[in-house]
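Using the sequences and the accompanying hints, generate a full structural model.
Chains as they are written, first to last, in my numbering: chain W, 2 to 513; chain Y, 3 to 320; chain L, 550 to 832.
Mixed in with the good hints there might be a few duds.
[To be verified] Here are the simulated lysine to aspartate or glutamate pairs, DMTMM-like style, with alpha carbons at most 25 Å apart:
{"#": "1", "chain 1": "W", "residue 1": "Lys144", "chain 2": "L", "residue 2": "Glu591"}
{"#": "2", "chain 1": "W", "residue 1": "Lys177", "chain 2": "W", "residue 2": "Glu472"}
{"#": "3", "chain 1": "W", "residue 1": "Lys410", "chain 2": "L", "residue 2": "Asp679"}
{"#": "4", "chain 1": "W", "residue 1": "Lys380", "chain 2": "W", "residue 2": "Glu472"}
{"#": "5", "chain 1": "W", "residue 1": "Lys476", "chain 2": "Y", "residue 2": "Asp165"}
{"#": "6", "chain 1": "W", "residue 1": "Lys328", "chain 2": "Y", "residue 2": "Asp272"}
{"#": "7", "chain 1": "W", "residue 1": "Lys144", "chain 2": "L", "residue 2": "Asp617"}
{"#": "8", "chain 1": "Y", "residue 1": "Lys170", "chain 2": "L", "residue 2": "Asp617"}
{"#": "9", "chain 1": "W", "residue 1": "Lys393", "chain 2": "W", "residue 2": "Glu472"}
{"#": "10", "chain 1": "W", "residue 1": "Lys376", "chain 2": "Y", "residue 2": "Asp91"}
{"#": "11", "chain 1": "W", "residue 1": "Lys393", "chain 2": "W", "residue 2": "Glu258"}
{"#": "12", "chain 1": "W", "residue 1": "Lys225", "chain 2": "W", "residue 2": "Glu309"}
{"#": "13", "chain 1": "W", "residue 1": "Lys376", "chain 2": "L", "residue 2": "Glu591"}
{"#": "14", "chain 1": "W", "residue 1": "Lys458", "chain 2": "W", "residue 2": "Asp180"}
{"#": "15", "chain 1": "W", "residue 1": "Lys144", "chain 2": "L", "residue 2": "Asp620"}
{"#": "16", "chain 1": "W", "residue 1": "Lys225", "chain 2": "W", "residue 2": "Asp180"}
{"#": "17", "chain 1": "W", "residue 1": "Lys124", "chain 2": "L", "residue 2": "Asp773"}
The hints are simulated quantities; they were obtained by calculation from the structure and are not laboratory data.
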Amino acid sequence: MNDQRLESLIHDAFTGRLSRREVLRRAGTLGLSLPVVAALLAACGGGGGTSGTSTSTNSGATTAPTVASTGASPAATSSPTTQAASPVASPSSASPAGAAAYTVNNPPPVPNAAAAKQYSGQKITYYGDSVGIGAQIDQVMAKRFNQDTGITVNVIPRPQSSTDAYSTYLRFFQAKSTDVDVVSLDVIWPGAFAAHLLDLSQTFASEAKLHYAPIIQNGTVGGKLIAMPWFSDFGILYYRTDLLQKYGFSTPPQTWEELQTQAQKIMTGERSSNANFQGFVFQGNAYEGLTCNALEWIDSSGGGTIIENGKVTLNNPQAIAALNRAKGWLSNGIAPRGVTSYQEDDARNVFQGGNCAFMRNWPYAYALGNGSDSKVAGKFDVAPLPTESGQKSVGTIGGWMMGISAYSKAQQAATEWVRYTTSAESQTYRAVVGSFVPTQAAVAQDPSVVQAEPFLKSTADVVRVARPSTETGDKYNQISTIFFQGVSQILNGQDAASIVPNVTQQIQRQMS
Amino acid sequence: MAGPAVTEGQQTRPVAPSKAPQPRATSSLARRQARLAWLLLLPTLLVVAFVAIYPLIQTIWYGFTNARLGSVTPPRFVGLKNYQDLIADSAFRSSILVTVKFTVITVVIEFLLGMLIALVVNSNFKGRGLTRAAMLVPWAIPTVISAQMWKWMYHDVYGVFNDLLVNKLGLLSHNVAWLSQPNTSLPAIAAVDIWKTTPFVALLLLAGLQVIPSDVYEAATVDGANRLRQFFDMTLPLLQPAIVVTLIFRTLDALRVFDVFYVAFGARPDTMTMAIYDQQNIVAFADVGYGSAISMAIFVVIAIFVIAYVTTFKVEAQ
Amino acid sequence: MGTASRRTIGSILFYLLLAVILVYIIFPFYWAVRSSIAPNSELFATPVQYWPSHATLANYRLVFQNADFIDALRNSAIVATSVTLASLAVGALGAYALGRFSFRGRRPVLYLVLSMTMFPQIAVLGALYDMVNRFGLYNRLGALILTYLIFTLPFTVWVLTSFFQALPHELEEAAYVDGASPLQAFYQILLPLAAPGMVTTGLLAFIAAWNEFLFALSFMQTPDKRTVPVAIFTFTPATGGGFEIPWGQMMAATVVVTVPLIVLTLIFQRRILAGLTAGAVKG
Numbered sequence: 002m003n004d005q006r007l008e009s010l011i012h013d014a015f016t017g018r019l020s021r022r023e024v025l026r027r028a029g030t031l032g033l034s035l036p037v038v039a040a041l042l043a044a045c046g047g048g049g050g051t052s053g054t055s056t057s058t059n060s061g062a063t064t065a066p067t068v069a070s071t072g073a074s075p076a077a078t079s080s081p082t083t084q085a086a087s088p089v090a091s092p093s094s095a096s097p098a099g100a101a102a103y104t105v106n107n108p109p110p111v112p113n114a115a116a117a118k119q120y121s122g123q124k125i126t127y128y129g130d131s132v133g134i135g136a137q138i139d140q141v142m143a144k145r146f147n148q149d150t151g152i153t154v155n156v157i158p159r160p161q162s163s164t165d166a167y168s169t170y171l172r173f174f175q176a177k178s179t180d181v182d183v184v185s186l187d188v189i190w191p192g193a194f195a196a197h198l199l200d201l202s203q204t205f206a207s208e209a210k211l212h213y214a215p216i217i218q219n220g221t222v223g224g225k226l227i228a229m230p231w232f233s234d235f236g237i238l239y240y241r242t243d244l245l246q247k248y249g250f251s252t253p254p255q256t257w258e259e260l261q262t263q264a265q266k267i268m269t270g271e272r273s274s275n276a277n278f279q280g281f282v283f284q285g286n287a288y289e290g291l292t293c294n295a296l297e298w299i300d301s302s303g304g305g306t307i308i309e310n311g312k313v314t315l316n317n318p319q320a321i322a323a324l325n326r327a328k329g330w331l332s333n334g335i336a337p338r339g340v341t342s343y344q345e346d347d348a349r350n351v352f353q354g355g356n357c358a359f360m361r362n363w364p365y366a367y368a369l370g371n372g373s374d375s376k377v378a379g380k381f382d383v384a385p386l387p388t389e390s391g392q393k394s395v396g397t398i399g400g401w402m403m404g405i406s407a408y409s410k411a412q413q414a415a416t417e418w419v420r421y422t423t424s425a426e427s428q429t430y431r432a433v434v435g436s437f438v439p440t441q442a443a444v445a446q447d448p449s450v451v452q453a454e455p456f457l458k459s460t461a462d463v464v465r466v467a468r469p470s471t472e473t474g475d476k477y478n479q480i481s482t483i484f485f486q487g488v489s490q491i492l493n494g495q496d497a498a499s500i501v502p503n504v505t506q507q508i509q510r511q512m513s
Numbered sequence: 003m004a005g006p007a008v009t010e011g012q013q014t015r016p017v018a019p020s021k022a023p024q025p026r027a028t029s030s031l032a033r034r035q036a037r038l039a040w041l042l043l044l045p046t047l048l049v050v051a052f053v054a055i056y057p058l059i060q061t062i063w064y065g066f067t068n069a070r071l072g073s074v075t076p077p078r079f080v081g082l083k084n085y086q087d088l089i090a091d092s093a094f095r096s097s098i099l100v101t102v103k104f105t106v107i108t109v110v111i112e113f114l115l116g117m118l119i120a121l122v123v124n125s126n127f128k129g130r131g132l133t134r135a136a137m138l139v140p141w142a143i144p145t146v147i148s149a150q151m152w153k154w155m156y157h158d159v160y161g162v163f164n165d166l167l168v169n170k171l172g173l174l175s176h177n178v179a180w181l182s183q184p185n186t187s188l189p190a191i192a193a194v195d196i197w198k199t200t201p202f203v204a205l206l207l208l209a210g211l212q213v214i215p216s217d218v219y220e221a222a223t224v225d226g227a228n229r230l231r232q233f234f235d236m237t238l239p240l241l242q243p244a245i246v247v248t249l250i251f252r253t254l255d256a257l258r259v260f261d262v263f264y265v266a267f268g269a270r271p272d273t274m275t276m277a278i279y280d281q282q283n284i285v286a287f288a289d290v291g292y293g294s295a296i297s298m299a300i301f302v303v304i305a306i307f308v309i310a311y312v313t314t315f316k317v318e319a320q
Numbered sequence: 550m551g552t553a554s555r556r557t558i559g560s561i562l563f564y565l566l567l568a569v570i571l572v573y574i575i576f577p578f579y580w581a582v583r584s585s586i587a588p589n590s591e592l593f594a595t596p597v598q599y600w601p602s603h604a605t606l607a608n609y610r611l612v613f614q615n616a617d618f619i620d621a622l623r624n625s626a627i628v629a630t631s632v633t634l635a636s637l638a639v640g641a642l643g644a645y646a647l648g649r650f651s652f653r654g655r656r657p658v659l660y661l662v663l664s665m666t667m668f669p670q671i672a673v674l675g676a677l678y679d680m681v682n683r684f685g686l687y688n689r690l691g692a693l694i695l696t697y698l699i700f701t702l703p704f705t706v707w708v709l710t711s712f713f714q715a716l717p718h719e720l721e722e723a724a725y726v727d728g729a730s731p732l733q734a735f736y737q738i739l740l741p742l743a744a745p746g747m748v749t750t751g752l753l754a755f756i757a758a759w760n761e762f763l764f765a766l767s768f769m770q771t772p773d774k775r776t777v778p779v780a781i782f783t784f785t786p787a788t789g790g791g792f793e794i795p796w797g798q799m800m801a802a803t804v805v806v807t808v809p810l811i812v813l814t815l816i817f818q819r820r821i822l823a824g825l826t827a828g829a830v831k832g
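In structure tokens, the structure reads:
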């Protein structure tokens, strides 16, 4: 080893002159051992990747191995010399390099900037997040992208309601508008928009392998990858740790039966002091969220996923039993009667206000639940949703993807933008800063991400199940409506055995 | 409505709605009058042509096709198929029932409340100032906001209505899920809409009341008629044009109700209104053809109500 | 029971009824105010807090710092004012024709105007969207000014028509005798007399345009063109994903928007009432 080089590296690192990337790069070429690298990284503390933006020679291929090998840092060095590891999930023990460096206004540099620069000067229009931290991140990343590549990204917030955004896109596509280049897509839309989106299977061949397979599959229609995963959501069980302890339950419920028992006991006990205490809340309103919930009930009981291989498989005893069981939650009272009006925030407000023991919701409620406004901060945790004994735990896939309009006049520039926003670096950034759930296994195991989203650890084994949107294409909304209206009737008291065959028949008719 | 009090030089009397003063004598004068009238109507007709005729024609046309939004294949003419499907559509039929029930409840109650408020504001009652300030509040808040607000006031766990009724006033034994239970859903949502649109009714009736000259009442009081008699025998007839216009427009709006139901119930089958069903087909299902047929059917339902009003009240009888 | 005591009981019952109605009307607004100054943790807490334990103006601060919301206030003001003036101008002229002249086609025109409001908004959305695009009005406030007429013009025309219809013809005839043209008669005599109708329909049109949501959402694209109802729904929640509803801020914005509207209305109404009682009609 070259002592002088090592000395100067140590010196630079400790005086804060170097960015983490630089440290890693130089450490890499010196062949340093892990603990030393970790110490150096800790020492250089937050240089943020501003100095020495080393760009990779080409896009996805190099990003993959480097992410895996260092485990976190977006060190876009071309030589994965530090640790050779498979491009998938090596939970390296390197310190959370780069994580502390990520603040809202400090996004990662563009890993594929060198390749993207050839389209410098072009303009693309991108329909992104409408509100909140997501909208803010969109703007910040667009600016960074412009800085690094010279491509201008015009960020337009899409309409906030999913349905409105859906028909807005349809209108653009109907008119073959060139005013839209990149669109953010709800996971249930790729099937419907397939005819209007660019095939990304060639341009994202290597990146696609990094993401969770079910989500990639969700974005693949007729063999063509038309949407890249951007961030993911999945259904999880929230539970009150203090109440479980108080009533003598050592673990959260593994089966639906256990959930029933635990909820009943806790509810009865708590009702003596809080007349409005509920056992279990979820999203029971007649809308898309109910499809997500019901799919979880059914698949976790071995009842399948509504539509498989082009056939409607809903009409089976397990599915019917699962739906009747959900009806039972209302009739025997562990779920409030009003749950059939609840959407996500209605349920969250009940749980966060300390008025129920269990909740099914998306990950977004986690950070809020531990926030300063919450009555249950520090008193809850999450777990995979219960199942029928012997079945695997599932969570319906939510979240959003990225697609490129087939009518875009700047397709390559658009491609580079999508490459940036779906890259591992971006996902790490968005996870740390905005609590967006990543779609790459490697990113999900990055210590900084786990620190920002602790629930990822306890729900690592959840099997993601997709709604049958991709195979039903533009008929999905209709089919989902038939389904959730049927479930709504069951929740309101009808017998699933009489509703399910009818629903199955109607869905089958839509698909023919 | 009655005209203003005519001045000193002439008789003081309430003036009944009168016919247009056009002499049939000179046909050239009549023609000139007609020409002027059409000229005055030109701006209105232009607006109608652009924002009404064009959508109407497009809707009629699409109703005969199988158009879908975002489809790569162009729409095909399918004749009366959409309408045939519509007649057999039980979901649509039930939505008509829900909407009509809702309309009847809300229009009747809004009318009574609105009339009361208008009378109070127009008079010397104490509390008139407060009423006048308060009455606009519901109308001034955007519907999408107030619907969400009421939804949370109705909440079965943390809603304020349940808290008042159960904990503070002791009128109920336990919380009620007002919007979820089928037997309370419609009254609950009607209460929201009545709250929101009574100001509209009150304002229109108030405008009608304000032009009734006070001399009318003075003369009647001299004659010995008491307040109630005055109201029924004099105010009401003079107010008739205002009442008719108010009823027609309130009914039309109620039949097209969307926002309050959508926020509260979403796509719940038993509370679906005609407009929500229409929106579902056009937007969520992207089925523009069938959706346009539904729009035309809604138009027909509303037209039936309009015709009923017009014949009952003999509007524009002249 | 004498008439006096019967009247007293009647009075009491009447005031009681009035009180109930007033509570019904005001309660939700009080709830909005309370929610706007309550800390977030108390918004959905049980037991229900009728007044926040420590009131905070944080939500109002956030609302006023929100540049997009200020833009939205301006946009809404422009759109609502323009639509009101346009409907009054167009509507008054049309109502004059429909209310004072007799000509063939009078009734069909009245019903044609009415038919504009016989479709649900969603039914005309697609066609209006095409039209807005064709005129190059997409993402311009002019799109809203034009399309809002679809629901403000009908009741403006109908209400003003019935006002004009009720005015005695002696007035016009006197004017004609004095040598006035029909338009002069309209402008100087009939219009002032229809003032209550004009103010009422103006107010209703203004508020209807101010609160409209669907067209504002569909025809405007960028944040700087949003109107108030759309902007209220795009306040920044703390989390991404779009599930959270930042209720405190939305309530603050609602209060901020509602209070001036009411004040404006009261000013206008009082003026007209004053004008009338001062004997507006003189010859």
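Verification of the hints:
This hinted pair does not check out: Lys144(W) and Glu591(L) have alpha carbons roughly 38 Å apart, beyond 25 Å. At roughly 24 Å between alpha-carbon atoms, Lys177(W) and Glu472(W) fall within 25 Å of each other, so this suggested pair holds. A C-alpha spacing of about 22 Å is found between Lys410(W) and Asp679(L), which places the hinted pair at or below 25 Å, so the restraint holds. Annotation: proposed proximity of Lys380(W) to Glu472(W) is violated, straight-line Cα distance about 41 Å (limit 25 Å).
For the proposed pair Lys476(W) and Asp165(Y), the alpha carbon gap of about 43 Å is over 25 Å, so the pair is violated. The straight-line distance between the Cα atoms of Lys328(W) and Asp272(Y) is roughly 17 Å, inside the 25 Å bound, and the hint therefore holds. For the given pair, Lys144(W) sits about 19 Å from Asp617(L) by alpha-carbon distance, which is consistent with the 25 Å threshold. The hinted pair formed by Lys170(Y) and Asp617(L) fails the criterion: a straight-line CA distance of about 41 Å is larger than 25 Å.
With a C-alpha separation of about 23 Å, the suggested pairing of Lys393(W) with Glu472(W) holds against the 25 Å cut-off. A threshold of 25 Å between alpha carbons decides the hint, and for Lys376(W) with Asp91(Y) the separation of about 48 Å lies outside it, so the pair is violated. About 15 Å separates the Cα atoms of Lys393(W) and Glu258(W), which keeps this hinted pair within 25 Å; it holds. Only pairs whose Cα atoms come within 25 Å are accepted, and Lys225(W) paired with Glu309(W) is accepted, the gap being roughly 19 Å.
A C-alpha spacing of about 9 Å is found between Lys376(W) and Glu591(L), which places the hinted pair at or below 25 Å, so the restraint holds. For the hint linking Lys458(W) to Asp180(W), the alpha-carbon distance of about 41 Å lies beyond 25 Å, and the restraint is violated. Taking the CA atoms of Lys144(W) and Asp620(L), the gap is near 23 Å; set against the 25 Å cutoff, the hint holds. This hinted pair checks out: Lys225(W) and Asp180(W) have alpha carbons roughly 24 Å apart, not beyond 25 Å.
Distance check on the hinted pair: Lys124(W) and Asp773(L) sit about 20 Å apart at the alpha-carbon level, within 25 Å; holds.
Hint compliance for this structure: hints 1, 4, 5, 8, 10, 14 are broken, all remaining hints hold.
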